[in-house]
Amino acid sequence: MKIKLQRVGGILPMTKEAAIEVDWTDEEIKKLLDCICLKEKKDSKIRDATAHFLEVKGKATPIDLKKIPLEYKAIFEGLEADMKFVKS
Amino acid sequence: MCRHNSHDPVQCIIPPYMSDKLLDAASNARLPAVLNNELRSSRFRNDRSFFGNLNDAQRSVLLKPAKAPTKPVLKMQVYDMEKDTVLSNGKLVWNNGKALKTMDTDTKNVVAAGTATWDLYYQIFGRNSIDNLGLALKHYIHYDNKYDNAFWDGRRMVYGDGDGKIFGSFTADPDIIGHELTHGVTQYESNLVYHNQSGALNESLSDVFGIMIKQRLLNQDVKKSKWLIGENVLKGAKYSLRSMKAPGTAYVNHPDLGTDPQPATFDKYMVLPDTDRGDWGGVHINSGITNFAFYVTAFNIGGFSWEKAGMIWYAAMTDKENFQPTSNFEDFKNLTIQKAELLFGSGSLEANAVTDGWAEAKV
Ligand SMILES: [Zn+2]
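If you read the protein sequences in the order shown, they are chains L and Z. Heads up, the first sequence is in our numbering, so the first residue is 457 and it goes up one at a time. Heads up, the second sequence is in our numbering, so the first residue is 8 and it goes up one at a time.
Misleading hints may appear alongside valid ones.
[Claimed, not checked] Which stretches of chain Z does chain L cover? Using the computed rule of at least three CB atoms under 8 Å from a CB of chain L, they are:
(1) 183 to 196
(2) 262 to 275
(3) 330 to 338
[To be verified] Within a straight-line C-alpha distance of at most 30 Å, the following computed DSBU-like cross-link-like pairs (lysine-lysine) qualify:
(4) Z:230 - Z:369
(5) Z:153 - L:515
(6) L:472 - L:495
(7) Z:90 - L:501
(8) Z:82 - Z:145
(9) L:543 - Z:252
(10) Z:108 - Z:82
(11) Z:145 - L:501
(12) L:472 - L:497
(13) L:460 - Z:90
[What the hints assert, rightly or not] Each pair of labels, with its calculated beta carbon distance range:
(14) L:528 - Z:140: 41 to 51 Å
(15) Z:233 - L:516: 31 to 41 Å
(16) L:485 - Z:79: 52 to 62 Å
(17) Z:122 - L:484: 21 to 31 Å
(18) L:496 - Z:337: 51 to 61 Å
(19) L:516 - Z:92: 20 to 30 Å
(20) Z:363 - L:497: 51 to 61 Å
(21) Z:253 - L:482: 16 to 26 Å
(22) Z:278 - L:482: 44 to 54 Å
(23) L:523 - Z:104: 30 to 40 Å
Treat the hints as calculated values from the structure; they're not laboratory data. For each residue, glycine too, the CB sits at the ideal point set by N, CA and C.
If we strip away everything but chain Z, and leave its shape as in the complex, we get:
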């Protein structure tokens, strides 16, 4: 029973939604207006009395504030492997903005580049992290002893310290960190098969977004950028892992590595075995061709690469209907031209730049 004059909210057991129903019923029954009005007034007095007497705790339960649309926020963790190779043994050293121990150079590197990567994808392309659903970025640093590599394991980024002679730490270049994170983006989008041409496209997209992450972090336009991937990771001022501007020149006559084998044009495409040893058909080799197409496109458009060329590449790489796991160079060429025409108009400077980029790469 509801004691209408009660000031005790617990005892006033007719909640507002029920008095709403009573009011509806009264209206439907065509009660005399005077009775209907009395019921309404009684309901108003009781609601006011009920809500007016709630304490803060009761009010917070019953009157939940309307939820504002949540803005995506970066979630990121850094784990120190301390030379171990079992990822579950990594120790959490940085968690969502909070350092749990003094930050070393590698922690600072992955935090800065991880943030720059998340920012590029969100601020420029409107993407919420790797999966577009806010996946936390997890970096594992100091993996193994003198490990000279970095990789994406399907869920996380893993970085070695390098041997200290030929290679420095694999966290030393933001483009490498952006490269690994972009493997995640590709996995959640086209999921390009990691063999032959589709594999080379997979690798190239990681380099393309990796270089944009570095250029934006360093505020470099297409002319200022050297278009080098891993210029700090590979020691020596004249060496880097890859050159997008001039594939095949990242390292020449290196005393330990020899000469960069990347082709810049499709007529030099290297047919390699689709095995571990053959780099799965040269996925890191033939990526030079599509890297070069992006470089020429971005350079001819001018300004900052991510503003137009990057927008075109992103639109193509996230077109799940037309960009398939087995798409090849020709498919991606056609898709980027189509996206450029859609975004900037047929015959626009941007659409022509994309066509010219692919023509320069002889695709």
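With the rest of the complex left out, here is chain L:
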């Protein structure tokens, strides 16, 4: 299946994204999303912030990249490095 990492927002509000094919099971994806999904509400005083989403099967979930488990780090670092802007 295809997963897509997206970054939105910023002082220049642009969307960046990168996708990759993975052979993870549905259960594995669910476990990963449970671990990295953004649970707490973001500090309302932050300005010009960026936010990340992981899109799986057309559903985008807000995530915290700092929570990526060690075994997935390399994949997400690769996705981050490959992200391209979506032209406005």
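Once you have looked at the hints, place chain Z with the ligand on chain L.
Coordinates of chain Z with the ligand only, in the frame set by chain L:
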């Protein structure tokens, strides 16, 4: 017991305030003048003896010099994140004028622009830092790996290095640094809600004060300034993040970013979703409209933007009674016109320039 002739201050235990009380009591009791005078003379001799025999340390404790009113001073720190993203891991590299390691370009940039920001707010508007109470300015540089953004986290400014291809370091423009610091000022003043029109006003105020900080640092008047935000941050001579003079033209057909979507006039206001992806209703998009109103106002007044147009905008943005968290473009228009009339007179060139500025932006 006080040994009146003692030269030992520790043993002379009647302090001056107590002898004052004795004197008052003597006066109230209508003691014979001769006794009253004797008491006064004795008190004078003892006070002189007491104070005359103090050493410097004792004198410094008892005779504290009168405090001169303290003049606000800039407090500022720079932390190097060394690509980390946990702000508490930042290493202090510059502290209140003292470099703790060799200053790199980014440290120099944030120190220069941070100082220029503090100076503009204090020297022109009489404001003591972000909170008007002397809050220390804290800059966090080299955040994350190739991070192409800068942000205000509610307490501090954070800057990425950029990817080096599309974006350079986000410390490269003083207007960006002034922009982030001004988010702090807004937070402590109107605390404009970061959605839709009030959010766009929040963004616009950061651009307005950001450009004034750059113009003052570079001694540019309204004609000399290019009115561009982030002209060094976005690489390429013909690109910048935003144009206040001509919103929508900061970057056109950029190979990676496309074209600047900012409108300059209210009839082109973009209704966008109030979400992360929708830029919270286009706060960085529709700010072009109020940016343009400021540009037209300042340009028509002439001279240095901060002297009159800036003064009007500052008076409006700090009017806590009338400028509310949910104020919209119309509210801010009315407030700036009112402030211009108060500061410069009804029908003055300045008040007319503000009215014309908003009319040009079709607000
Ligand atoms: Zn901003």
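Right, here's what the structure says about each hint:
| no. | hint | in the structure |
| --- | --- | --- |
| 1 | 183 to 196 | holds (count 5) |
| 2 | 262 to 275 | holds (count 6) |
| 3 | 330 to 338 | violated (count 0) |
| 4 | Z:230 - Z:369 | holds (23 Å) |
| 5 | Z:153 - L:515 | holds (28 Å) |
| 6 | L:472 - L:495 | holds (22 Å) |
| 7 | Z:90 - L:501 | holds (23 Å) |
| 8 | Z:82 - Z:145 | holds (9 Å) |
| 9 | L:543 - Z:252 | holds (23 Å) |
| 10 | Z:108 - Z:82 | holds (18 Å) |
| 11 | Z:145 - L:501 | holds (16 Å) |
| 12 | L:472 - L:497 | holds (22 Å) |
| 13 | L:460 - Z:90 | holds (24 Å) |
| 14 | L:528 - Z:140: 41 to 51 Å | holds (45 Å) |
| 15 | Z:233 - L:516: 31 to 41 Å | holds (38 Å) |
| 16 | L:485 - Z:79: 52 to 62 Å | holds (55 Å) |
| 17 | Z:122 - L:484: 21 to 31 Å | violated (52 Å) |
| 18 | L:496 - Z:337: 51 to 61 Å | violated (35 Å) |
| 19 | L:516 - Z:92: 20 to 30 Å | holds (22 Å) |
| 20 | Z:363 - L:497: 51 to 61 Å | violated (42 Å) |
| 21 | Z:253 - L:482: 16 to 26 Å | violated (51 Å) |
| 22 | Z:278 - L:482: 44 to 54 Å | violated (37 Å) |
| 23 | L:523 - Z:104: 30 to 40 Å | holds (39 Å) |
Taken one by one, the earlier hints fail for this structure at numbers 3, 17, 18, 20, 21 and 22, listed in ascending order.
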